[in-house]
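With chain E held as given, fit chain W onto it using these hints.
So the protein lines, in turn, are chains E and W. Note that the numbering used here has the first sequence beginning at 8, numbered continuously upward. Note that the numbering used here has the second sequence beginning at 8, numbered continuously upward.
Incorrect hints may appear among the rest.
Intra- or inter-copy, both count: the list cannot distinguish identical chains.
Quick list of in silico lysine to aspartate or glutamate cross-link-like pairs, EDC-like style, CA-CA up to 20 Å [said to hold, decoys possible]:
no.	residue 1	residue 2
1	Lys299	Glu276
2	Lys40	Glu168
3	Lys262	Asp297
4	Lys40	Asp157
5	Lys289	Asp99
6	Lys251	Glu269
7	Lys110	Glu168
8	Lys110	Asp286
9	Lys262	Asp227
10	Lys251	Asp227
In short, the hints are calculated from the structure, not lab data.
2 protein chains.
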Amino acid sequence: MLQDTLQRGQQLTDSALDRLLPSETQRPASIHKAMRHSVFAGGKRLRPILCIESGRLIAGSVPVGIENLCAALEMLHTYSLIHDDLPALDNDDLRRGRPTSHKVFGEAIAILAGDALQTQAYEVLAGLQCSAEARVRMIEEIARRTGTVDGMIGGQVVDLEAEHTRPDLSTLEYIHRSKTAALITASVVSGGLFAGADEPAVTKLRSFGEAIGLAFQIVDDILDVTQSSAQLGKTAGKDSAAEKATYPALFGIEKSRQKAGELFKIASESLQLFGPRADTLKQLASFLVDRKH
Amino acid sequence: MLQDTLQRGQQLTDSALDRLLPSETQRPASIHKAMRHSVFAGGKRLRPILCIESGRLIAGSVPVGIENLCAALEMLHTYSLIHDDLPALDNDDLRRGRPTSHKVFGEAIAILAGDALQTQAYEVLAGLQCSAEARVRMIEEIARRTGTVDGMIGGQVVDLEAEHTRPDLSTLEYIHRSKTAALITASVVSGGLFAGADEPAVTKLRSFGEAIGLAFQIVDDILDVTQSSAQLGKTAGKDSAAEKATYPALFGIEKSRQKAGELFKIASESLQLFGPRADTLKQLASFLVDRKH
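Looking at chain E on its own, in the form it has when it is part of the complex:
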């Protein structure tokens, strides 16, 4: 059942991405190869899956055309990974078990491929099959949640600046809320908006997204400490090597697990308004908190 949800989300997203991204032979070929290399690198399509299930919760069935929104969200996520991995930032050679963009295509193309994925995401969002009002609202939400003030880029900046320091809890929470939870929240909210959610529903979806997004990052940090590189498909132990700000570093594994559990509870409670229709989203949340890689 959950397996079906995951698989459907992945398939819808992958086929939309394949349709929307320029082919590898389209001039200039190098950038299109680089965009596809990172987009089709075995990502779990977590944000798209949350988006679809949020849309399905509101509409009663998977809304027609939501897969293009999913593709745009995954383009934005992938752009952030390509840039995060650059030598000037996290300097990572491996991502999802494959060499990172700059290792394969060089730094110049990696920078431009990230830029291009961001650009194309907005082109796709502007052309979604829903009202123009819903589209501009989604674009504002997504841009804000990936921006500097309390969005993804802001989280990345504070994360970089917190390396080799021992940040306080408020800094750590800012990093996680902004760097990871913000785009997850935008995915859940935009799925609801695409399906025509009203304001009370959007508010509940937002609370759900924020809680599950933060839980997701805490679990990620726990796995970085407890799992091997082979299990994770990326370099394990990187956080402590770089003296990154993480929950396990600040509170230890046990307290971090507890915190993730509390956030899961908040996430579930946010969905009470929707009754049993929200069961799949709750299952997804539980899967994200209990995962092993």
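What follows is chain W alone, placed relative to chain E:
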């Protein structure tokens, strides 16, 4: 008269940028400092000025709220400059007479500042004071013209790959049309769309933008050869040092000037439909072709 047009465009754009960009004290301060460093580095605000005059041509007076569109266009232009200047790309230390972003803030923040300016541009575009339909149409136009297929990033990629080769005319035209003329065209077209231009008017504005955008790049390349760094406010002679693909390198100065003149003629003719209302845009075009820095 032309001086007034230029000054009004600069003032409207600068004050919108100052209002829209987070302040230098807003957390995380480093990225906001970096964004403002490059945005307020003495740019000529050429794209915004073309956008305003295009909107004024359609609406009869400067359309209320167009300055936010101008700010978004300038954010996109500035993001592309920050990334172009990076060591992995053009490796330029000087831009508009000031040290480039990565020289002041380091490469990581420079990459993220470019990313953030792109992100914020779309947030601003989604919130413009015009119909949601016009906003999504502008976003699609601007994203496509700054993307990979025949937009700004595509031009940058082919430009990088053409270094140290002797590209043919079709490659050179692709580079110039995509790297420079595309965003100039989007500026002219989006100004018209903001003011409510109908399809025939948009088509004419597009032809004007394409011709004047290409002429602008040819003149830029001529100035790189004929002017000093002090006159240009950036490192002169960079193109030939890097064996960049340029019109002067392929055809010599005289033929390049001729080509720019022909394009100016095409640009002027595109505006015939509008009669004397188009005089200011024509004046602007003439100024861009005849400029000395």
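Given identical chains, is Lys262 near Asp297, meaning Cα to Cα at most 20 Å, within a copy, between copies, both, or neither?
-> within (15 Å within a copy, 68 Å between copies)
Under a CA distance limit of 20 Å, which applies to Lys110 and Glu168: within one copy, between copies, both, or neither?
-> between (24 Å within a copy, 18 Å between copies)
Lys251 and Asp227: within-copy, between-copy, both or neither at 20 Å Cα | Result: close within a single copy only, 13 Å intra versus 45 Å inter.
Intra- versus inter-copy proximity for Asp227 and Lys262 (alpha-carbon distance at most 20 Å) = within (14 Å within a copy, 60 Å between copies)
From the Cα coordinates, with 20 Å as the cut-off, is the pair Lys251 and Glu269 best called within, between, both, or neither?
-> neither (23 Å within a copy, 58 Å between copies)
Within, between, both or neither, where Lys289 and Asp99 count as close if Cα-Cα is 20 Å or less | Neither, since 33 Å and 51 Å both go past 20 Å.
Is it within, between, both, or neither for Lys40 and Asp157, if the alpha carbons may be no more than 20 Å apart?
-> Classified as between; 16 Å across copies, 32 Å inside a copy.
Given identical chains, is Lys40 near Glu168, meaning Cα to Cα at most 20 Å, within a copy, between copies, both, or neither?
-> between (32 Å within a copy, 15 Å between copies)
Between the shortest in-copy and the shortest cross-copy C-alpha distance, which are at most 20 Å for Lys299 and Glu276: within, between, both, or neither?
-> Classified as neither; 24 Å inside a copy, 66 Å across copies.
What label fits Lys110 with Asp286 when the C-alpha limit is 20 Å: within, between, both, or neither?
-> Classified as neither; 42 Å inside a copy, 52 Å across copies.
Taken one by one, the earlier hints fail for this structure at numbers 1, 5, 6 and 8, listed in ascending order.
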